[in-house]
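Enquirer: Position chain B against the provided structure of chain A, taking the given hints into account.
Single-letter residue listing:
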Amino acid sequence: MARIELVNLHKSFGAVPAVKNLSMEIEDGEFVVFVGPSGCGKTTTLRMIAGFEDPTSGEIRIGGRVVNDLEPRDRGLGMVFQSHALFPHKNVAQNIEFGLRMKKVPQAERVKRVQDVAEMVRITHLLGKMPGQCSGGESQRIALARTLVTNPSTFLLDEPLSSLDAKLRRELRAECDRLHQALNRTFIYVTHDQEEAMTLADRIVVMRAGEVEQVGSPMEIYANPVSYFVADFFGSPSMNLVAGDIVQGDAGARFRSVSFDVALPGRFKDVKPGAATLGIRPEHVGVGRNGGAPQAASLPVRLVEPLGRDTLLYFDAGSERAFVAISEGLAMADVQVGASLALSFDPERLHLFGANGRRLGPQYA
Amino acid sequence: MAMTKTQRRRVSSTVRYVILTVWALMAAFPIYWMVATSFKPDTQWFSWPPVYFPHPPTLANYMNVWFGAQQYAQTQYAISSQKPFVSLWNSTVIASTSTFLSVLFGSILAYGVSRYRILSEARMFQLLMLRMIPPIVVVAPLSLYYSALGLLDTRLGLIMVYFLTTLPYAVWMTKSFIDEVPLEVEQAAEILGASRWRTIFEVVLPLIRSGLVATFLFILILTWSEYLLALILTKTQVSTLPIELSKYQGSTEGRVYGRQAALAVGITIPLMFVGLIIRKHLARGFSFGMVRR
Chain A
33 MARIELVNLH KSFGAVPAVK NLSMEIEDGE FVVFVGPSGC GKTTTLRMIA GFEDPTSGEI
93 RIGGRVVNDL EPRDRGLGMV FQSHALFPHK NVAQNIEFGL RMKKVPQAER VKRVQDVAEM
153 VRITHLLGKM PGQCSGGESQ RIALARTLVT NPSTFLLDEP LSSLDAKLRR ELRAECDRLH
213 QALNRTFIYV THDQEEAMTL ADRIVVMRAG EVEQVGSPME IYANPVSYFV ADFFGSPSMN
273 LVAGDIVQGD AGARFRSVSF DVALPGRFKD VKPGAATLGI RPEHVGVGRN GGAPQAASLP
333 VRLVEPLGRD TLLYFDAGSE RAFVAISEGL AMADVQVGAS LALSFDPERL HLFGANGRRL
393 GPQYA
Chain B
37 MAMTKTQRRR VSSTVRYVIL TVWALMAAFP IYWMVATSFK PDTQWFSWPP VYFPHPPTLA
97 NYMNVWFGAQ QYAQTQYAIS SQKPFVSLWN STVIASTSTF LSVLFGSILA YGVSRYRILS
157 EARMFQLLML RMIPPIVVVA PLSLYYSALG LLDTRLGLIM VYFLTTLPYA VWMTKSFIDE
217 VPLEVEQAAE ILGASRWRTI FEVVLPLIRS GLVATFLFIL ILTWSEYLLA LILTKTQVST
277 LPIELSKYQG STEGRVYGRQ AALAVGITIP LMFVGLIIRK HLARGFSFGM VRR
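Order-wise, the sequence lines are chains A and B.
Every position in the first sequence, counted from 1, becomes a number in my numbering once 32 is added.
Every position in the second sequence, counted from 1, becomes a number in my numbering once 36 is added.
This is chain A alone, in the form it adopts within the complex (with noise of 0.2 Å):
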């Protein structure tokens, strides 16, 4: 079993907190993604699990049981680095025997974990080389090869993809989800890529100054951001954010900016007049050649992307971020730049966050 709580948890480097007060329990074969920008705590409550940093108070539990005072090798992790940390002078088969040979498992047994996890991790033809000899991707795989043998009850990843380029991110992506479904362990991933946690989480936890800023699935996370800035750092293009005024009238409320002018939906009716910041997905803002209706605005074309399956439209919105519509298919690849188009919002997938950027209104069913 290896159920992890953390209970308070506080860490200080001297008077700078790196960590306030996380509380939270990883469920035994939960894949768990910690994910925010750097400096924002993740990667040391990593290392507080783990064991190489002493939390400055609060309690971590594995299993039922305080390992505050276990040394990192009693708690029965393991770790995968970001650095991959193999060991250069000894050659990959003994990088993965390590473990192994750490835990005196006699040296027939070794032999044969050594052969299996190897070829679980495609990596048999290089169990000769030196570590030095290999790739970025491969000394990856060796890493979690190293990790994997020991048969930990939970994995403990640090931005172990961070060091490798976009095609062998997928790859290894793909390998660590894999590993996942196959050996049913808790899984503990830190990194700062949004779509990493995305595509791996069971549950995501949004960490921000030291501080946990939402946890939910990929899914509650995307369609229910609390805060601007979960709204901001989730998505791919990111969600449209505009700065305006809430106001109240006649007709009920409505948000206005320079550019736009929207009237709120009858969820939005009890939020007070003020300063305010208008969040809708590039997907869910209609574009029309002839305007369609609700209309929002009629902005004018700033750039345009056509990707093949779908077409990006950045519009001019009067701020320095575009406004981004994502059209379907090439329909809109031919638009000019500098035509105006009329763009409408989906009502339903609005996102009003207050001046404190924390969300306005009630969260979607």
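Just so you know, the hints here were simulated from the structure itself, not pulled from any lab data.
Any given hint could be a false lead.
[Stated by the list, open to error] Part of the chain A face toward chain B, derived, beta carbon under 7 Å: (1) Phe84; (2) Met111; (3) Phe119; (4) His121; (5) Phe130; (6) Gly131; (7) Lys136; (8) Ala140; (9) Arg142; (10) His212; (11) Tyr254; (12) Ile358.
Just so you know, even glycine gets a beta-carbon here, dropped at the ideal spot from N, CA and C.
Expert: The following block gives chain B in isolation, referenced to the frame of chain A:
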């Protein structure tokens, strides 16, 4: 007429080589002179014009200095009272023991500094500042201590003083090598089940081996050729090679260049030999970035 780019390059490269060649010759000449003099018969040691190539070359200096062979000793320059092999043995024992201790304790201290920050930056700097004190300043009080402690004119006394004076170098050098070992590599070993000692022996030491060897040689050179402390802290019982070397000039004999050169060559060869054996490590050790990140 203006030169083309290619011509300019050729000229500047020629000038560079000429300067470097002259410099190399100037640096190598004293070594050549030492070796040449050691093979010269006594009439050519300080003849004018100077003799650049000993003719005929003779082994007399070597036979006399190292083996006390009287038949080679022209009466005037006969040196037979010294015992160079005893000095060689003293030097070997004193230099290697103090260097070994220095690297051993220096690297342990450096590991603590690198991984546990047991010394602040300021303390590390102060440690190095110890070496800024000219030895001659402390040598008189030190000899008083040594005399009181009965360490004057003993091997142990010299080993102790060499060990302590070279320790700052050892700490600084080995620390730079330990810093090169990524912390994550150690932590990987740790989480795979290795104890702290196991991690040091299986991971850290093999990775910094070349650095340790380079540090060892560097400090060995310092202790092997140290003169001042040895001169003051020893008398008749314990003599090291540099002390021995200084005895070949006296008020009665004048400067006994050939003999001295023969001894000097003998002092130089062991160090060169050590350097040759470990040259693979030296090349790697002195090019710091030895650990692939």
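Enquirer: Take the hints in turn and mark each one as holding or not.
Expert: Each hint, compared with the structure:
no. : hint   : result
1   : Phe84  : 6 Å, holds
2   : Met111 : 5 Å, holds
3   : Phe119 : 6 Å, holds
4   : His121 : 5 Å, holds
5   : Phe130 : 5 Å, holds
6   : Gly131 : 4 Å, holds
7   : Lys136 : 9 Å, violated
8   : Ala140 : 19 Å, violated
9   : Arg142 : 13 Å, violated
10  : His212 : 19 Å, violated
11  : Tyr254 : 33 Å, violated
12  : Ile358 : 41 Å, violated
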